[in-house]
Structures are given as structure tokens and as C-alpha cells.
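Those sequence lines, one after another, are chains X, V and S. Read in order, the letters of the first sequence are residues 1 to 249 in our numbering. Read in order, the letters of the second sequence are residues 1 to 249 in our numbering. Read in order, the letters of the third sequence are residues 1 to 249 in our numbering.
Calculated from the structure, these hints are not laboratory results. Do not rely on the hints blindly, as some may be mistaken.
To be verified - Calculated cross-link-like contacts (lysine to any residue; reagent style SDA-like; alpha-carbon spacing at most 20 Å): (1) X:K8 / V:V61; (2) V:K8 / S:N55; (3) X:K202 / S:R216; (4) V:K236 / V:R222; (5) V:K62 / X:N42; (6) V:K202 / V:Y218; (7) V:K8 / V:K62.
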Amino acid sequence: MTFSNHFKIGFNVHISKNVKIGNNSVIDSNVVIYDNVQIGENCFVRSGVVLGELNHTEILVKSKPRMTIIGDNSIIGSGTIVYSGTVIGSNFRSGNHTVVREDTIIGDNCSIGTFSDIQGRLRIGNHVRIHSNCFIPEGTMIEDFVWIYPSVTITNDLYPPHGVIKPVLIKSYAQVGAGSVVLPGVIIGNNSFAAAGSVVTKNVDSFMVVMGSPARVYCDIRELRGLNEEVLYPWKDFLTSNRGFPWEK
Amino acid sequence: MTFSNHFKIGFNVHISKNVKIGNNSVIDSNVVIYDNVQIGENCFVRSGVVLGELNHTEILVKSKPRMTIIGDNSIIGSGTIVYSGTVIGSNFRSGNHTVVREDTIIGDNCSIGTFSDIQGRLRIGNHVRIHSNCFIPEGTMIEDFVWIYPSVTITNDLYPPHGVIKPVLIKSYAQVGAGSVVLPGVIIGNNSFAAAGSVVTKNVDSFMVVMGSPARVYCDIRELRGLNEEVLYPWKDFLTSNRGFPWEK
Amino acid sequence: MTFSNHFKIGFNVHISKNVKIGNNSVIDSNVVIYDNVQIGENCFVRSGVVLGELNHTEILVKSKPRMTIIGDNSIIGSGTIVYSGTVIGSNFRSGNHTVVREDTIIGDNCSIGTFSDIQGRLRIGNHVRIHSNCFIPEGTMIEDFVWIYPSVTITNDLYPPHGVIKPVLIKSYAQVGAGSVVLPGVIIGNNSFAAAGSVVTKNVDSFMVVMGSPARVYCDIRELRGLNEEVLYPWKDFLTSNRGFPWEK
Numbered sequence: 001m002t003f004s005n006h007f008k009i010g011f012n013v014h015i016s017k018n019v020k021i022g023n024n025s026v027i028d029s030n031v032v033i034y035d036n037v038q039i040g041e042n043c044f045v046r047s048g049v050v051l052g053e054l055n056h057t058e059i060l061v062k063s064k065p066r067m068t069i070i071g072d073n074s075i076i077g078s079g080t081i082v083y084s085g086t087v088i089g090s091n092f093r094s095g096n097h098t099v100v101r102e103d104t105i106i107g108d109n110c111s112i113g114t115f116s117d118i119q120g121r122l123r124i125g126n127h128v129r130i131h132s133n134c135f136i137p138e139g140t141m142i143e144d145f146v147w148i149y150p151s152v153t154i155t156n157d158l159y160p161p162h163g164v165i166k167p168v169l170i171k172s173y174a175q176v177g178a179g180s181v182v183l184p185g186v187i188i189g190n191n192s193f194a195a196a197g198s199v200v201t202k203n204v205d206s207f208m209v210v211m212g213s214p215a216r217v218y219c220d221i222r223e224l225r226g227l228n229e230e231v232l233y234p235w236k237d238f239l240t241s242n243r244g245f246p247w248e249k
Numbered sequence: 001m002t003f004s005n006h007f008k009i010g011f012n013v014h015i016s017k018n019v020k021i022g023n024n025s026v027i028d029s030n031v032v033i034y035d036n037v038q039i040g041e042n043c044f045v046r047s048g049v050v051l052g053e054l055n056h057t058e059i060l061v062k063s064k065p066r067m068t069i070i071g072d073n074s075i076i077g078s079g080t081i082v083y084s085g086t087v088i089g090s091n092f093r094s095g096n097h098t099v100v101r102e103d104t105i106i107g108d109n110c111s112i113g114t115f116s117d118i119q120g121r122l123r124i125g126n127h128v129r130i131h132s133n134c135f136i137p138e139g140t141m142i143e144d145f146v147w148i149y150p151s152v153t154i155t156n157d158l159y160p161p162h163g164v165i166k167p168v169l170i171k172s173y174a175q176v177g178a179g180s181v182v183l184p185g186v187i188i189g190n191n192s193f194a195a196a197g198s199v200v201t202k203n204v205d206s207f208m209v210v211m212g213s214p215a216r217v218y219c220d221i222r223e224l225r226g227l228n229e230e231v232l233y234p235w236k237d238f239l240t241s242n243r244g245f246p247w248e249k
Numbered sequence: 001m002t003f004s005n006h007f008k009i010g011f012n013v014h015i016s017k018n019v020k021i022g023n024n025s026v027i028d029s030n031v032v033i034y035d036n037v038q039i040g041e042n043c044f045v046r047s048g049v050v051l052g053e054l055n056h057t058e059i060l061v062k063s064k065p066r067m068t069i070i071g072d073n074s075i076i077g078s079g080t081i082v083y084s085g086t087v088i089g090s091n092f093r094s095g096n097h098t099v100v101r102e103d104t105i106i107g108d109n110c111s112i113g114t115f116s117d118i119q120g121r122l123r124i125g126n127h128v129r130i131h132s133n134c135f136i137p138e139g140t141m142i143e144d145f146v147w148i149y150p151s152v153t154i155t156n157d158l159y160p161p162h163g164v165i166k167p168v169l170i171k172s173y174a175q176v177g178a179g180s181v182v183l184p185g186v187i188i189g190n191n192s193f194a195a196a197g198s199v200v201t202k203n204v205d206s207f208m209v210v211m212g213s214p215a216r217v218y219c220d221i222r223e224l225r226g227l228n229e230e231v232l233y234p235w236k237d238f239l240t241s242n243r244g245f246p247w248e249k
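Just chain X, same shape as in the assembly (with noise of 0.2 Å):
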């Protein structure tokens, strides 16, 4: 076990064999930390945390943990649990109760909000936003600057249960409207927006609005304009509240 010389440790805290904790990070009250878990510096790990879980074949099996990283300046949110094999980079949020599960991918600067579930063997890009209440099965893929907002469902069985996986693909800039459902192989493109309420059974073309069950195309989203005409695209130029984006800075 390797620590640094400045960490701090709350209360009813276990952690197992060879875990590496970076200068500065916190470690709060009932958190468990399995084996071969590496957290970074000035991260924050709040109560009921666990880190390095195995799933439920491994533990049957008695496979070895992989190494779980989980990069500088993040904050694992209470009761958020992260599978072994997973691998995040820095500046990550993760909200209450978040579970993200094994062998994942996710870049810089991201968040995943309470009760969402990411599902495991995904990939996952920078400054990605996924809120509350969100499902990402294994194989979606998705790219840089995406929002996907509260109770988004995504798909990947192409006749269920026969387990012909074809994987969502959401490309960077696209938004996935709150409660919307992604049918199995669909890929959203770049710039694109799928309304709230959205079931999205078709591709979306590149700077696409869709809407409905089943979604259809509504207009251009550089065509869209906000309460006083003006125009809302790209998004990235309107944002006027910090996070965390690197036009920000």
C-alpha cells in the first residue's frame, strides 16, 4: 500500500491492498476501497463510496481486481460505486447513489449524475455531461461535449434478449433530451438535439432537432431561435454559467 504523506480519512474507512491515494484527497466515513485502486490528487471520495468493486461473475470466479483510477482534482459523490477495470480522467463529478461499472472508459472533465448507470465496457469522451437518472448500457459510444440530460434510457440489444449487440453512438455536441428512449444502433449526430420525451428509433442527422414517439426531424437547430429571436446556436457560445468548459477559461 502506498499512500501520500497528506491524505485524510474519515471515520469506519476500509481499504484493501495496494491502493494509491494521491496529496490532498479525502477519503470520508464508510467508504470501501478494493484492491488496485488508484485516486489522484485533491480528489474528494464522500461517505458510502465504494471503489474497485468486482462484479458478480468476477467474485464468483475469484478473478484478480484490475487497476481502477480515478484521475486528479475529482469528487466521487456519496454513495456513487465504481467498478474495478474502470478508468477516469480528471476534473470528474459523480452525484449521490451513481453507479459506474466495470472496465469503462471516461475522459476529462466529466459528470454523471445520481442514479444514473453506466453500465460498464463503454467509452465515454471529455467534457461529457450526463445527468440523473440516466441508463448507458454496455458499447455506447460517446463522443466529446455531449449533454444527456435526466432520464435518458439508451439501448444496445437489437432483438432483445438474443443479445445482438449494437451500440448507440451519440457524436460530440449532441444533446439527448430529458426522458427521451435511443433504440439499439442509432447514432446521433454532431450538434444534433433530441427534444425531451424523445424515442428515437432512426439516425439523426447532424444538426438535427427531433421530437415525438417516434422522434421525427423538426427543424435545423442553427434555424432555432430563443424567447427574443435570437439565435441559440452553437450553444457553446451562450453559456453563461461556469462549467467547467474550456472556452470558459
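Using the hints provided, position chains V and S relative to the given structure of chain X.
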């Protein structure tokens, strides 16, 4: 720290500074109570609950925790997390793993179900029931005697992700059916009903029943008839089980 | 308390009265087991699990906990809460933070996913898979070999909030697609399929595929063809991965 003479406490409970716990209250195992939490009389705080949690930004900047209040006769379900600055009235019930974020004001006789995420900085009236798996964002205004059924997603961002917040207002005696999505800025009128699976994109007038995606008016709620042609509204006259409403006393 | 000679136990585990734990079972850290819980052989009860929980009313009136049973070879995922009086068969799996309320009867070889809320007083058959983030209310009847995909919401209250309960019945080999909502009293027939995002307002006949909001019949499931024009049903003949079904042995 001011403790009453008569409260019971479980195993592995950590209680921070300036915490008050009322008479006859019970704190179960693995509970964490941070600074400045005040729990009323006759409360049950069940296992694994966290009270007075700071949000991620507050942790980073080392904010001083505000007062967090749980009213008399409340039961906080196992795994619930209540953030700092939230004030909850008497006779409150939460489910399991419920999250109530910071600076939320909740009246008396409310309940919030399992896996519901109350995002904070919002106001909930009296006698409100929010069922399991709901998402209620910042700014939402919920009046008295409102029922929100399972898996409802409320939104608030008019042109996401610009952060132009237009909160939803749900007026007294309204009901929002299971699995519904409510768009930003929508006003759901008194005594109205959005049926299960609705995507509510426009205001709902008082007494209107709406359904579908997008939701359209189906009838006036006063025209609704039950299986035996009985008039169903006002629904409060037909409550047969004890759900704690004043007219049942 | 009757403990077998051979079970392992983690840190900070609290075990109440009249608890039985079978041979070769493992109880991980921060687990709370209340009175009258019986755990079979070769089980894993993972970190932060609560077993034998009383509901809020029972806590208030100081009910005596009923017998709670977890069958042999089961794995209870971290953060799961199982209430008093629930009886679960062998080879059970739960996800993370799963909630199974009181007096639920679950057969053998079932799994219930992360963030699913099984509301109690209901019956689930054998070989049933309920995925993540589902809501299953009281009274729901689920027969054998049923698959319920992520984020499905079942309802039961015919004229909410009157409490006129008309439970949903899901018959053997039926499948309910991701994000679907099922209205009270609906019967989902044998071998039928509600596609992802359906709002199921009427009974679904055996073998029918339905989709949309409201859901309408799309075809007979026996007419469905795959990417290479192959017949897809009965789906059980096409399962390629080991999911524990008897015909795979």
C-alpha cells in the same frame, strides 16, 4: 452539541458539531450527520442516511454548512441523503436512497419516494406526495396536495444547455401520471391530471385531463367516471385508505 | 442466532437476532441484517446491504419482523435493501442499490437490476429478468421467463389516487421494452413484446408486438425477421450467451 436525554442510537453513527436530536428519536446504524443538523422529536433516521451533506462546490470552497432541519415525527428511509440548508416540515417520509439537495423547502406531511432526486433550491408545499424514481430540478414550484406518480421527469432549462431556467409550476391538487415528462416553464393547473406517459409541452388548464406525446386535452376531470359510472372528482372525497390527509381525521 | 461453521464476514457488520447464514456464504462490509433473516448456502451479501428492513408503518407500530429468506447461491449487490417478509428463491442476483419491499415472493433464477424498486406484496415467477431502473408496484403479477428491460414503469392505480388497485399481469415469455409505461390492469400476453418507449394502455394479445404512445399492434412476433431474414422467435432458441436458462444446460 445538544442532545435530548431520550434518543436511541445504532452502531457506527457519526455525528458532527452543533447537531440537535429531539426526544424519542432513533438514529439507526451507519448514519452520518454533518454540522448544524436539527432533528425533531419522534423521528426515525434509518440506516445509512446522510444528513447535512454539502454539495461538491461547497466542499471545494470549504463552505460553512447551513442549518438543516427535519421536522417532528418524520421518518428518513435507509440510504436517503439530505443536503445542507434544506428545511423539511413535520410528518415527512422518504423512501430508500432518496436524495434531497440543498436549500429545499418542504412543508408538512410530505413524502418523497425511493430513488427520487429533488435537485435543490425549490419549494414543495404541504401534503405533497412524490413517488419513486422522480426527477425534480431546481426552481420547480409544487403547491399543496399535489401527487407526482413514479418515474416523472420535470425539466427547467428552456434552451439547454444555456441555463435559461424556466421552472415548472404544479398547482394545488394537480396530479402528474407515471412516466410523464414535463417541459420547462409549463404550468400544470389546479385539479388537473396528466395521464401516465404524457409528454407535457404546454400549460394544462385547471381541471383538464391531458394525455399522449405531446399531451392533448382528453376531457374535464369532473366528467370522468369510474367503473360503475361514479363521479371520481374531487378525488379527495374518495380516498379510502389513510394517507394522512386532513379530511381523513 | 444459528451460524454455520463456515461463512466469512467483513468489517462493521451488524447482525440482529434469529439470523441464519448458510455454509460458504460471505457477508461483506457495512451490512446490516435485522431479525429473522435466513440466508442460504454459497451466497454473497455485498457491501452496504440491508436485509430484513421493516417498512415505515411497521417501525412506528413496532411490528415483529417476519421471516425474510434469501435462497442458495444468491448474490445481493452492494447497497441493495430487502424488506421483511420477502422470500427469494435460489440463484438470485440483484444490482446495486436495488430495493425489494416487504412480502414479495420471488422464484428461482431471477435477477433485479440496479435502481429497480420492487414495491412489495407482489409475485415474481422463475427465470425472470428485471433490468435497471424499473418500478414495479404492489400487486403486479409476473409469470416465468419474463424480461423487463431498463426504465420500465408499471402502474396499478386505476383512478389515482383513489387506490382502486388493478394490477398488471405479465404472462410467461413476455418482454417489456426499455422506457415503457404500462397502465393499470393491463394484461401483457404470453410471448408478446412491447417495444422500447411504448405506453401500453390496453391488453396485449399473446405473440403480438406493440409499439408507440399509445401502443398499437405492429405485427405477430413470429413474423419478425432479423438482419439476415432469420426467424427470431421463439427467442429462447436464439440465446447465445449463458443467462442461466434451463435449456442452456
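Enumerate the violated hints, using their earlier numbering and listing them in ascending order. As far as the earlier hints go, only 7 is violated by this structure.
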